[in-house]
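A.B. asks: Take a look at the letters that make up each chain.
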Amino acid sequence: MIRYITFTVDGATIRTPQGTSVLDAALDQGICIPALCHMRGVEDIGVCRLCLVEVVRNGRSRVTTSCTLEATQGMEVLAHSPKILNLRRNVAELLVAEAPNSRAIQDIAARCGVTSVRYPFHHADCVLCGRCVRICSEMWRAKALGFVGRGAQRRVALPFDERPAYCKRCYSCIDVCPMTIAPCAGPMPLGEEYLCAKCASQLTMTARMPDSCVWCELGKGFGCARQTSAARTRERTAAR
Amino acid sequence: MPRISSPQALDALRAELRAAVGTAAPTTITLCAGTGCQASRSLPVQAALRAELERAKLAGQVEIRTTGCHGFCEQGPLMIIEPGNLFYCRITPRDAAEIVERTILGGEVVERLLYTDPVSGRKVMREAEIPFYASQERVLLGQNRALDPTRIEDYIAQGGYQALAKALAEMTPQQVLGAVRAAGLRGRGGGGFPTATKWQTTRDAEGEPKILICNADEGDPGAYMNRSLLEGNPHAIIEGMLIGAHAIGASRGFVYVRTEYPLAVEHVRAAIAQAREWGLLGENILGSGLSFDLTVARGAGAFVAGESTALMAALEGEVSEPRPKDVHTAEKGYLDLPTTLNNVETWACVPWIIREGAEGFRRLGTAASPGTKIFALTGQVKNTGLVEVPLGTPLREIVYDIGGGAANGRAIKAVQIGGPSGGCVPESLFDLPVDFDSLREAGAMMGSGGMVVMDEGSCMVDVARYFLEFLRDESCGKCVPCRLGVARMLEIVTDVAEGRGTLAQLELLEELGETVSEASLCGLGKTAANPALTTLRYFRDEYLAHVVEKRCPAGVCRSLVHYTITPEACTGCGVCLRACPQAAITGERRRPHFIDQTLCVRCGICREVCRFNAVAVA
Numbered sequence: 001m002i003r004y005i006t007f008t009v010d011g012a013t014i015r016t017p018q019g020t021s022v023l024d025a026a027l028d029q030g031i032c033i034p035a036l037c038h039m040r041g042v043e044d045i046g047v048c049r050l051c052l053v054e055v056v057r058n059g060r061s062r063v064t065t066s067c068t069l070e071a072t073q074g075m076e077v078l079a080h081s082p083k084i085l086n087l088r089r090n091v092a093e094l095l096v097a098e099a100p101n102s103r104a105i106q107d108i109a110a111r112c113g114v115t116s117v118r119y120p121f122h123h124a125d126c127v128l129c130g131r132c133v134r135i136c137s138e139m140w141r142a143k144a145l146g147f148v149g150r151g152a153q154r155r156v157a158l159p160f161d162e163r164p165a166y167c168k169r170c171y172s173c174i175d176v177c178p179m180t181i182a183p184c185a186g187p188m189p190l191g192e193e194y195l196c197a198k199c200a201s202q203l204t205m206t207a208r209m210p211d212s213c214v215w216c217e218l219g220k221g222f223g224c225a226r227q228t229s230a231a232r233t234r235e236r237t238a239a240r
Numbered sequence: 001m002p003r004i005s006s007p008q009a010l011d012a013l014r015a016e017l018r019a020a021v022g023t024a025a026p027t028t029i030t031l032c033a034g035t036g037c038q039a040s041r042s043l044p045v046q047a048a049l050r051a052e053l054e055r056a057k058l059a060g061q062v063e064i065r066t067t068g069c070h071g072f073c074e075q076g077p078l079m080i081i082e083p084g085n086l087f088y089c090r091i092t093p094r095d096a097a098e099i100v101e102r103t104i105l106g107g108e109v110v111e112r113l114l115y116t117d118p119v120s121g122r123k124v125m126r127e128a129e130i131p132f133y134a135s136q137e138r139v140l141l142g143q144n145r146a147l148d149p150t151r152i153e154d155y156i157a158q159g160g161y162q163a164l165a166k167a168l169a170e171m172t173p174q175q176v177l178g179a180v181r182a183a184g185l186r187g188r189g190g191g192g193f194p195t196a197t198k199w200q201t202t203r204d205a206e207g208e209p210k211i212l213i214c215n216a217d218e219g220d221p222g223a224y225m226n227r228s229l230l231e232g233n234p235h236a237i238i239e240g241m242l243i244g245a246h247a248i249g250a251s252r253g254f255v256y257v258r259t260e261y262p263l264a265v266e267h268v269r270a271a272i273a274q275a276r277e278w279g280l281l282g283e284n285i286l287g288s289g290l291s292f293d294l295t296v297a298r299g300a301g302a303f304v305a306g307e308s309t310a311l312m313a314a315l316e317g318e319v320s321e322p323r324p325k326d327v328h329t330a331e332k333g334y335l336d337l338p339t340t341l342n343n344v345e346t347w348a349c350v351p352w353i354i355r356e357g358a359e360g361f362r363r364l365g366t367a368a369s370p371g372t373k374i375f376a377l378t379g380q381v382k383n384t385g386l387v388e389v390p391l392g393t394p395l396r397e398i399v400y401d402i403g404g405g406a407a408n409g410r411a412i413k414a415v416q417i418g419g420p421s422g423g424c425v426p427e428s429l430f431d432l433p434v435d436f437d438s439l440r441e442a443g444a445m446m447g448s449g450g451m452v453v454m455d456e457g458s459c460m461v462d463v464a465r466y467f468l469e470f471l472r473d474e475s476c477g478k479c480v481p482c483r484l485g486v487a488r489m490l491e492i493v494t495d496v497a498e499g500r501g502t503l504a505q506l507e508l509l510e511e512l513g514e515t516v517s518e519a520s521l522c523g524l525g526k527t528a529a530n531p532a533l534t535t536l537r538y539f540r541d542e543y544l545a546h547v548v549e550k551r552c553p554a555g556v557c558r559s560l561v562h563y564t565i566t567p568e569a570c571t572g573c574g575v576c577l578r579a580c581p582q583a584a585i586t587g588e589r590r591r592p593h594f595i596d597q598t599l600c601v602r603c604g605i606c607r608e609v610c611r612f613n614a615v616a617v618a
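For the protein sequence lines, the chains are A and B, in the order given.
Numbered according to the working numbering, the first sequence terminates at residue 240, and the numbering increases by one at each position without gaps.
Numbered according to the working numbering, the second sequence terminates at residue 618, and the numbering increases by one at each position without gaps.
What the hints contain is simulated information worked out from the structure, not anything from laboratory work.
Among the hints, erroneous ones may be present.
[To be verified] Straight-line distance between alpha carbons at most 27 Å, and here's what the computed DSS-like set of lysine-lysine pairs gives:
#1 A:K83 / B:K325
#2 B:K332 / A:K143
#3 A:K83 / B:K526
#4 B:K123 / B:K325
#5 A:K143 / A:K168
#6 A:K143 / B:K325
#7 B:K332 / B:K526
#8 B:K382 / B:K123
[Said to hold, decoys possible] Covered stretches of chain B, going by a simulated chain A footprint (3 or more residues, C-beta under 8 Å):
#9 83 to 92
#10 513 to 525
#11 578 to 584
For glycine and all other residues, C-beta sits at the position ideal for the given N, C-alpha and C.
Please construct the entire structure, taking both the sequences and the accompanying hints into account.
C.D. replies: And the structure:
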């Protein structure tokens, strides 16, 4: 038997099976909390820090990632408080300044309200979200990809930089990579990066409303597309 | 050695050991052999001393006790001769003959080996009279000089394992927890979390066996109090963990030590082996039914591995990267088992609390932060070393009374507290009591307990840059705010230091710093912005001088300084002219020289070599 618990996100009461993360529960109800490293079906590691929320307990709030936070009975979560919006915008700004050459990242920046980038652009090919690593090791149990190095040297690599036999070239890693789709206007040449933010125009009216999302093909891939819990349940039952 | 099977047997053994002390040899020479003193060649001194004693046929009458660190490493190797409490420092092997001949045989004092107080210039004869020691409360560290860390007998004779016997025989686990709670012990690793709360959580959590971990992964390059405790008195930590095991109901424990501390690893391993042999670790300890065993795990030198979840990942054989702590490690830690992780110093405080009771512990320190804390005092002060003071001692007292004040006459400007991710406390706040809460309020933190004293010769922008660089390299790179945020902060501070900074960048630095501290995954990221934020908060004028006037007030930031020769002071000796690697200095003999700014690379060599103070930097 599934036990249900009730908690609130931005004042909206949500009923969800016990053991669900706050992020999953919110997305199921169409409350869009932006996320990059989160994927259904693999363990959350809380590294992109976009899904930050405030948890209020006894009048004191604590900032944590909603993907790694299990929803519990009576929990009070703020996903769109001014503080969280500010933190999320700054994190998204760091991301887009590091790797502007991706529609997903540009979309996230727009979604998080980045209107200008105050850092010189870098031209990274990878934002180390770990989606490829986790889909390979957890979904397919292949472990053909992993992280190598520490800090600034950290990168995704094959074992000893050689493709092992147990990599079956399923290309799931490429499927889930946020860097594989170029921005709407095409790839940006080195030194000519800019903040696209075109889809931000769609944000103004609905940004603060739950159950809304920037229209974007990638939004669906990142789990923040318009989708009601009923639709999700149907999907899940079908999958079973 | 037979196993000690009951508290009574332990008492009997102690009485026996105590009776033996002093009868074997009337004179004891205590020689420090901590890593600091070993580096200043205390082992050759010891060998020379033994040879001399042999030659003087005194071998049986003088006992040489090699101990762990005394804390005054700068003056090492240190020697104390008892009875008399005579203190010699900076001894070389060549002094051994004189010490034996004049002091041991003749009863005289060798004047030149005595310590000279740099403040008064006086020679000090006894250890207890040295101002550096006299202003401290050396409850934990003071034990080091009384015992040989490789001998469990010494520890037991000093009253060791008495607290364990008391806890096992007279106290229930709840009573032990109650005592620790009443004592108000807070985590010495820097966080200041109430230890009893953590213990209670682990005790109440589901899952067996419960795990204890001693965190000795001291990552701050400038702090070494954990190393000194482990090297000098490993049994105190074992005893603390045993009492913890009784209170929590744990049966397994780890001591996680950095591989960079070979002596600590050796001593703690030896101590564990001895304790096991004597029946103080293993099954049915002291006949109480408690079973607990310890394993030493060696770390592989990542700064981030000192973070509790990263440390547990390392113990599990994974890469030492932090994990989200939404479920506390006290409930689900090592292999998802309830795990209590405490710092070396926290464990070392536990026997003290049980031995003297909560009131005995609260005798020192403040109401909210009781007990003592060891700090590693370094930088521009006269006396450097390990300093143990009651919590709540004003910073001024530590810097001026114990540290002896500025080392080279320049005014002290700030103290950087808490290691690389700590904060800079300015001179104006030196009356701040050093405890967990006051430091946090000031933007710094207890952290590792490192204290780096800086004088006017340090540029705070440069200091921030230095620490940010360290943190960028030591960040594990897992989460975005720490990996990218710290790198961007470093970019901004570098811009400022090199004269490209703008006022908007200073604001951005502040905002970004706050984001990094709020949004990061683990303790490293959450504190990584401290050096930049505190220097920006207390030394904004220095940042402004760099940004607006394009000037480095301390004359440190290379891109912003100019070296010039003051014609009045220059004698034209030509030393700087010959020393300049860029041939940027011209001038005739006995006539004032001149530096060509287009050729100068601001290496500062001319200033160093000038004997007439004629090279000015601005």
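A.B. asks: State for each hint whether it applies.
C.D. replies: Hint check:
In summary, the hint linking K83 of chain A to K325 of chain B is supported, as the alpha carbons are separated by about 21 Å, within the 27 Å threshold. For the hint linking K332 of chain B to K143 of chain A, the alpha-carbon distance of about 25 Å falls within 27 Å, and the restraint holds. Of the supplied pair hints, the one linking K83 of chain A and K526 of chain B holds, its CA atoms being roughly 16 Å apart against a limit of 27 Å. Pair hint K123 of chain B plus K325 of chain B does not hold up; C-alpha atoms about 54 Å apart against a cutoff of 27 Å.
Under the criterion of a C-alpha separation no larger than 27 Å, the hint pairing K143 of chain A with K168 of chain A is consistent with the structure, at around 11 Å. Restraint check: the Cα-Cα separation between K143 of chain A and K325 of chain B comes to about 25 Å, which is no more than 27 Å; the hinted pair holds. At most 27 Å may separate the alpha-carbon atoms for a hinted pair to count; K332 of chain B and K526 of chain B meet this at roughly 22 Å. This hinted pair checks out: K382 of chain B and K123 of chain B have alpha carbons roughly 15 Å apart, not beyond 27 Å.
Coverage of the segment 83 to 92 of chain B by chain A is violated in this model, with 0 residues showing a Cβ closer than 8 Å to a Cβ of that chain against a need of three. Residue count for the segment 513 to 525 of chain B with a Cβ under 8 Å from a Cβ of chain A: 5. That meets the three needed, and the coverage hint holds. For the segment 578 to 584 of chain B, the stated coverage by chain A is not satisfied: 0 residues place a CB nearer than 8 Å to a CB of that chain, which falls below the threshold of 3.
In this structure, the hints that do not hold are numbers 4, 9, 11, in rising order.
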